[in-house]
Structures are given as structure tokens and as C-alpha cells.
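Residue numbers (our numbering), protein chains in the order written: chain F, 1 to 692; chain U, 1 to 99; chain S, 1 to 281.
Think of the hints as simulated: they come from the structure by calculation, not from any bench.
The C-beta atom is built at its ideal place from N, Cα and C for all residues, glycine as well.
Treat the hints with caution; some may be incorrect.
Facing chain U, from chain F, some residues (calculated, C-beta under 7 Å) [to be verified]: (1) Lys188; (2) Ile302; (3) Gly666; (4) Arg669; (5) Ala672.
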Amino acid sequence: MLALLAADQLPPVGPATGAASAAWVLVALPALGALVLFLGGTRTDRFGHVVGVATVLGSFVYGVVLFVQALALPGEERVRDLPLYEWFGSGSLSVEFGLRLDPLSLTFVLLITGVGSLIHIYSVGYMSHDEHRRKFFAMLNLFVASMLILVLGNGFLTLYLGWEGVGLASYLLIGFYVARPLAASAAKKAFLMNRVGDVGLALAIFILFQQLGTTQYTEVFARAGEMSTGTLTAVTLLLLLGACGKSGQFPLQAWLPDAMEGPTPVSALIHAATMVTAGVYLVARTHPLYDLAPTGQLAVTIVGAVTLLIGAIVGCAYDDIKKVLAYSTVSQIGYMMLAVGLGPIGYAAGLAHLLAHGFFKAGLFLGAGSVMHGMADETDMRRFGGLWRHLPITFGTFTLGYLALIGFPFLSGFYSKDAIIEASLGGSLTRGWLLGGAALLGAGLTAFYMTRLMLMTFFGAERWRELTPRRAPWDPQAESEARPQAPEAGHGTRSDQGSTPIGELDHSAPHGYHPHESPSVMTVPMILLAVGSAGAGAFLVIGERLGGWLEPAVGPVGEVSDAVIPTGLVPGIASVLMVLGAGIAYLSVGRKPVPVERPARVSWPVRAARADLYANAINEGLVARPGLWLSRALVYLDNRGVDGAVNGTAALLGGASGRARRTQTGFVRSYALTMLGGSLVLVAALLAVTLP
Amino acid sequence: MSPTNYLLLSAVLFAIGTVGVLVRRNAIVVFMCVELMLNAVNLSLVTFARLNGSLDGQVMAFFVMVVAAAEVVVGLSIIMSIFRARRTASVDDANLLKY
Amino acid sequence: MTTSTGEAVAFWILGPVALAGGLGMVFSRNAVHSALWLVLTMLSLGGLYMVQSAPFLGFTQIIVYTGAIMMLFIFVLMMVGRDASDSVVEVLRGQRVSAAILGIGFAALLLGAVANSVVVPLAVGPAPGSNVGNLGLLIYQRYLLAFELTSALIITGALGAMVYTFAGRAKAKVITQRERVTARLLGPPEKYGSRSGPGVFATGDSVATPALLPDGSVAPESLSSIIEATARERLGHATELAHAGDAHDQHARDHEPHHEAGHEAGHEARHEQSEIQGSQA
């Protein structure tokens, strides 16, 4: 009933006018930047970062203009369509390339360009020593352009274009340190697992076109009711598969932690704040379809709940600061998926959490990058400790992000996460308990692993004092260790974040780690993001600001009905769980010295968590090995069966011809004999016919 | 005696010529065997002309003779040039056109 | 219709003879014998033609076939393969047996066909007028075109025989003496003069360079009395040195100028040659 109402309440789509009529500039600016930097080659090395930052900043400013313009419009006129040109047409298929400007896409535009600008600025400092910085900015611009196409497109094919574009940019950026085998294989893994999801998305689009003959949002959503429930369920499940691939959701979550091999700004922008939320965007964008397919919604909530628990559990066991944050991302996106799967009551909550998460997780990643920057690119938290004294600004911003993430009262996470928990408690008794319980449990686990991370990194003994920086095993320069360094070695020509060149190492190795605060070009974005982390949640959720803003796009926020726990109690319970998780973390990590070496003898839950809850093993066993077997069997079949039949026929004919060839002896008399035989037969036949 | 006997003789001579073509290796002898076959056919042509009471058969035999003369001239010169090139007149030695 | 007794007699005499001739031709190993056996067959056949009221063909058979064509055969046999009698060994496996079986089968088929056919001769006697006259009328009237075509065929055959006879006898290019001289002068300079003979140690092949004997001394015979280009005093010097231990190289070096003189001679020759060419032009 509710679903049907939602479908009927689709907002009217008006034309884009005024400042919005040039909305393509949003996409064109970063695309132009990428084009210039890619094609310009080394000529643009000197000012490449300026181009990169300027284009994204320009997009952001224009996005703000559009946002303000949209705010001035009455609610029902906020959904606007800007057709640009006919992309391609063939028969009954006519695909229009256009932009859809509505509160949902504008929200994402602000997030992408805003956080993107900050991270671009941060990257100027972070990548300052990298000789490929220009290429890095070209790829980042490509990513921003693709992501904007993804969220702004007014049809599924446009979305797909952006979808693949961000996939490509993600692949390129994860594998940015091309000399590092781990990075290369992580990029490949991300690409392949994304393909699985992309196939789902593509199939969903095919079904939509086959059923409705169009792929434009407006028409698809208006005529969604024409499809049968089964078709709708199939479409929504396939869309969910796509979302899982892009957002690192169960069962395709394994690529996201590995993606941390990329530079840290990439982890912050792509693999925390924006691209991985594309799945959430997809579900929210296609909510008219999901509202008609309860099974699809249920699948989304289950995926979200399972993922948030997996991410939180695995996050507790890792020692690598970026991996913990990555699993935290997986877990938080699980929250968002859970929220958008709940239907109208969850869209605003999920998107609010998405925005808040974009702020605090980007801030946390940038903080982690800053820590690594000061700690010779070390990521192992067991080699940190007591850093708060040495990295005060980083510590401050990181703490704000941390508190926001675990849902400390009156910070972002508190509001956004509690809204999700409240929404998930609704529905039937079992469903409410299961989903709400998972969300609450996840909140406690989040507090645990984040507190553990804080304690191991910033508090406790300064374990790094007794240690010397390690060289990563993949370091291509490791072999040439004996080579004496040029005089400028002391300045450090950092070629990438993980690879500290020999010169710097040789310079610092006798003295150990030298934690130092990052330059202001890096700290200022962190501070801005920290402010966002602190205030975004309250700003968005209190008074349902975001809900009201998004109403034209995703429908009105519903009331939670039949909550298994009174919604008024949720903040309290969540806070208690948070304190409980943090307390356990303090008791288990903060009160005793942290061993530098990872303990080998651990209980089975820790072992399982360290092995990513066997996600890779499951993938390997369920998909990779059977795939290999299947391929081998098919290759065998092809070689022996198909080729065998073909080659066998050929060999048979060849052999027979070889035999027949032998009759051509070249002796005229043999031929004459054959002729005589033929004549004999002819005459005999003639006589047999004519004679009575 | 029936004139059929001529035809029988002709048939036997033709068969002898055929066998000769098949078993002899000297190209000139093979050629002579071919001539024998032609002559056998000529005999039957003449016999048919007589049986029909017209001279057309004899004209045919005449033409056969003329053509045979031309054929002998060219055939023998071919044999001669082969012999000059390969120093042999055996038909078995000219077996290059094979598998 | 039956034939006259005389004809029957003639047939029973000539027929077996023709048959024997054919068999003899096939079975005799000597090619000349084969040809003679074939002559016998053809003569008998000519007789049979005459018996069957075809005197023109009979005589043509005897004169043209037996006289001319078989003569040609024997002529070629004498040139080519008189002594090339066939070997007894059959190269092709089963050829003889197969040929015999097939031949007998073929003969049996033909004989059966002829024996089974019902011969109903038209009751027409020989046409009025002579056989030759009637044949001539037929050939020059009804079969005129075919007859003319046979003449073309015979001419073509004669031409073909000539082509085959002269094939492969292309005239080899004759190199004249002047061409040889020109080629030699255009070639490398070492070829202008003649080579030194064996056993002579020479650093150059110019006439002006004296030859050396195996002990290194100048061979007096190689000193020209006409050409004064050879520095007598140098030669004398060389002759004295020739008996010294390591004089060979010295000697050779001393004679380098002579070597160059040889080259100059070559240049002169070249001038000469260009003059020749000029005069030719």
C-alpha cells in the first residue's frame, strides 16, 4: 500500500533553467582537467596539481550555486531534467544523454566536489614528492568527472557510463604504484570483483529496456508498475548485485580492504567517501523500483546487516591502520544499505549517514595518511603508540572523526547512526529484532575497534622509539640497497607513499622514526573535514533538514511503526553500547603494553577475523576454483572434443587423400588400364541395356 | 560365310591392340598398337559400308587413315624429342607427373 | 546374306594371318619385329578391304599405311629404339595379368555383342560405276568440308613435326674476340696481363718486374732486353741483396715502384680502350 502510494507520488520533472541550464559544466570541468593532464603529458608536470585542484574547486563552486538555486525553488519544482543531446539511437532504442538535477543528485554533487576539493588540496601536499603527481591528479579528475556523470545522469545508461568510469579510475588509482605487485594485484582484484557487480547492473538495465523499451529514469519510474512483481524483484536483486560490487558489500566485500594499496587520498576520496557509496546512491535513486519489490528491499537490508557485522568484526582484528579504516568503511556502508533497504523511512537516514560518513571517514583516512606521512609510511599500528604528543593537529582531527564515527553524543555519527537504528527496529518482531540487533551490535563493535585503533596509534608507550623503519618487501629499490645515494638523498624523493627511498631511509635509519606534523596544505583539509564530522550529523538530522530537502527525490520520510524497542530509548542504548565497546577496548588494549609483533596464538574468532572471515577463502573455493576447473574442463573439451572432431575430420580426409594420391603413379599404362576398365564397364552396361 | 566374321575379326584385333598398349613399354610399339586398333576399326567401318550398301563407311575409313597419318607424324616427332631429351623411349620413364 | 566362296576362302586365309600379325606384334620383344608383324597385319587388312569391294581403301592401306607410315615407324625405330627391346620384367605390379584379363573380357564383350546382333544387310548391290569414282564424288561433294579440314590437319601436323624436331636447338651466343677484349679491359686491373707461371715468385705481374728464382735472385730470363723501364741499377742492387738472409721483403719493397708501373700500364690500356670506344661511336 505504502509502496504503491510512493510510486504514484513521483515528483513532476521540470526543465532546468537559469543557472542550472549549464549544469554540464559540473562534469565538463574535471573532465577537461583530466583531458589536459593526460594529453598534456610531462609538459603539464609543473602546474598539473593546480589544474586538478582548480577544476574540482570550480565544480564545487558551481555546485553550490546550483544548490542555492534549488533551495530557492518550491519543493515540487526541485526535480529538473537537463537533456543535452541524443547519445545514440537505434530502432526503438533512443538514449538521451542528459542530467537530472534533483535534491539527491545535488547532494551527491556537493559531497563529491566538496570532499573531493579538500582531498585534492590535501594531495598537493601528500603527493608533493611523487614524480607522477600530475598523472595522479589526472586520474583523480577523471574519477570526479565519472562520479559526477554517475550521480547526475538522467538515465540508467548514463549512470552505467559513470559507473564504469569510476571503476576505471578506481582501478588506475589503486594500482597507482605500478611497481608494487601488491598494488597491481589489488587493482586487478577490485576490477574483477567490480565486474561481477557490473554484470548485475548491466543485466538489470537490459531487463528494464526489454520490459519498458526505455532506460530514462523518468519513464522507467513512471511505468515501473507495468512490470510484474517477479520481474521487479529480479531487477532489484540485480541492481543490488551491482551495488554490492561497487560498495564492497557482502559477498563482494573482499576487494575494498585490498584497495588500500592505493595512495591514502585515494582511499579517502574513492574508497571511503564517494565511490563506494555509489551502491547506496543506486538503491536510493531507483527507490521507485524497490518500493514496488519488497523482496528486493529485504535483500538489501539483509546484505546491509550482514556486511555491517562482517566489517565490524574483521575491523577488530587488523593491525594495519588503513585496513581497519577500510573495514570500518565496509561496515558503515552496510549501515547505509540497511537504511535504504528499509524503504521510505530509511532513505533520508541512510543518506544522512552517507554524508556524515563522507566527512568523518575522509577525515580519518587523511589523518591516517598524515600519521603515515610522519612515520615513514608505516601502517602497522603495533609500531605506533603515543603519537598524540608528536602529531597534535592530526590527533585532534582524528579524535573528532573517531568520536563522530563511534556515535559520541551530539556528533555526526550519533544522529545519523541512531536514525538508522531507529528505522531498522521497525517492521515485524523478528525482523525488527534481527536488523535492529545487528545495527546495535555493530555500534558496539564500532566503538571497540575504533577505540583500539586510537589507543594503539596515539596512546600508550612510544613503541616506535626502539624500532627502525622497515622497508616494504615489495620495494623495488630494495635490491639496489648497496648503491650509494646521490647528495640530494637526504631531502627525500619519495616516489610513493609506501616506498621510502633509500636516501631517506639511510638518513633516518640510525635514528629511528621521526614523527612530525604534516604541512598545512594537508592539515587544513583535515581540520575542515573534522568540523564537518562534528557538525554535519546534527545539521542534517535535527529538524529533518535533509529529509525535507530530499523529499522531492526520494519521497517523504515515514514514521517508524511497531518498533520493538521504543525509539526514544535508542540513543541511550546506543550510547551505552558505545561506552561498553570502548571500555572493553580500553581494558584489553589500553591497560597493558601492546606487543610489537602480532601474537600468533590467538583464539579462533580473532583468527577468523584476521582471515577476513574467510571471505577470500570462500571466494577462492566457491568461485575461483570451480571457475578454474570449469575452464580447464572446457579447454580440455575444446581441445579434445571440438578441435578433435574438426581436426579428426581433416586428418581423416587428409589421410584418405594421401592414400588416394598413391594411385596417381605417373605411369601412363596404369591410367590406360583404368580407362580400359571403365570402357569395359560402359560397354557392359550398354549391352545390358540394349540386348534383350 | 556371314560378313559378321569380319566384325568378329575386327573386335579381336581391337582387343589385341588394347592389350598391346597396356603391356608394351616401348613408346613406338605402343604407338603401333594404337595403329592396330585404328585398323581394326577401319575394317569394321568397311564391313558396315558393305552391309549398308553405301560408301559412307569407306569415306570414314579414309578419313581415319588421313588423321592417323597426321597423328603418326606428330606422335613420332614427340617420341623423338622425348628421346633426345631423356635418352629413352620407354613410356614408364616419363612418369614425372605424379603425386 | 552369305558371301561368295572365293571371299570366304580369302577371309579364312587373310583373317588368321592378320590375327597372327597382331599377336606377333604384341608378343615379340624386339620392336623391329613388332613393326614387321604389324606390316603383315596391315597387308592382310588391305586384302580384306579389297575383298569387301573397297579396292581404293585396300590400295591406300597397302601404299600409304604399309608403305609410308610403317616405313616411318621403322625409320624412327632405327634412329631411336632399335636395340631397346623391352625387358621381361614388368615394372608395374599386376599390369600384365590385369591387362590380359581386361583385354580378354573386352574381346568377349565385343564378340558377344557382335554375335548377338542381328545383321540384316540391305539388299543393295554395289553402286554403278567404279568404286574409286564413287568415293571421289562422295569426298568432293558431301564430305568436302571435312576433307578440307583434314588437309589443314595434315599441314598442322607437318608444322608440329618440324617444331618438335627443332625444339631445344637454340643457337648458343657466340662471343667474339673483340667482346672478350672489352670485357677483360673493363674487369679488374690484375687481369690485363698474363699471370706469372708456376714456380715463379713475383710481387707483380708487370713485364717490367723481373721474376725471382726460388733462392730469391732475379731470373735473368725474365729481364727484358727491349723494355728499359726496369731500372738496371736497382735490379743489380736487388740481385746482390738476393743472397742476403732477409732480403726477400726488402726486395719486394724495392720493387714497389715497378708494381705501380704496372698499374700505369693498366691505365694506358684503359685510355687505349676508351679511344677504341670513341672510334666505335
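These are the hints, each one checked on the structure:
Interface hint at F/Lys188: violated, since its Cβ lies 55 Å from the closest Cβ of chain U, which is beyond the 7 Å cut-off. Of the supplied interface hints, the one on F/Ile302 is violated, with its beta-carbon coming no nearer than about 74 Å to a beta-carbon of chain U, more than 7 Å. Using the Cβ-Cβ criterion of 7 Å, the hint placing F/Gly666 at the interface with chain U is satisfied: the shortest such distance is roughly 3 Å. This hint holds: F/Arg669 has a C-beta 6 Å from the nearest C-beta of chain U, less than the 7 Å allowed.
Annotation: interface hint on F/Ala672 holds; nearest CB of chain U at approximately 6 Å, less than 7 Å.
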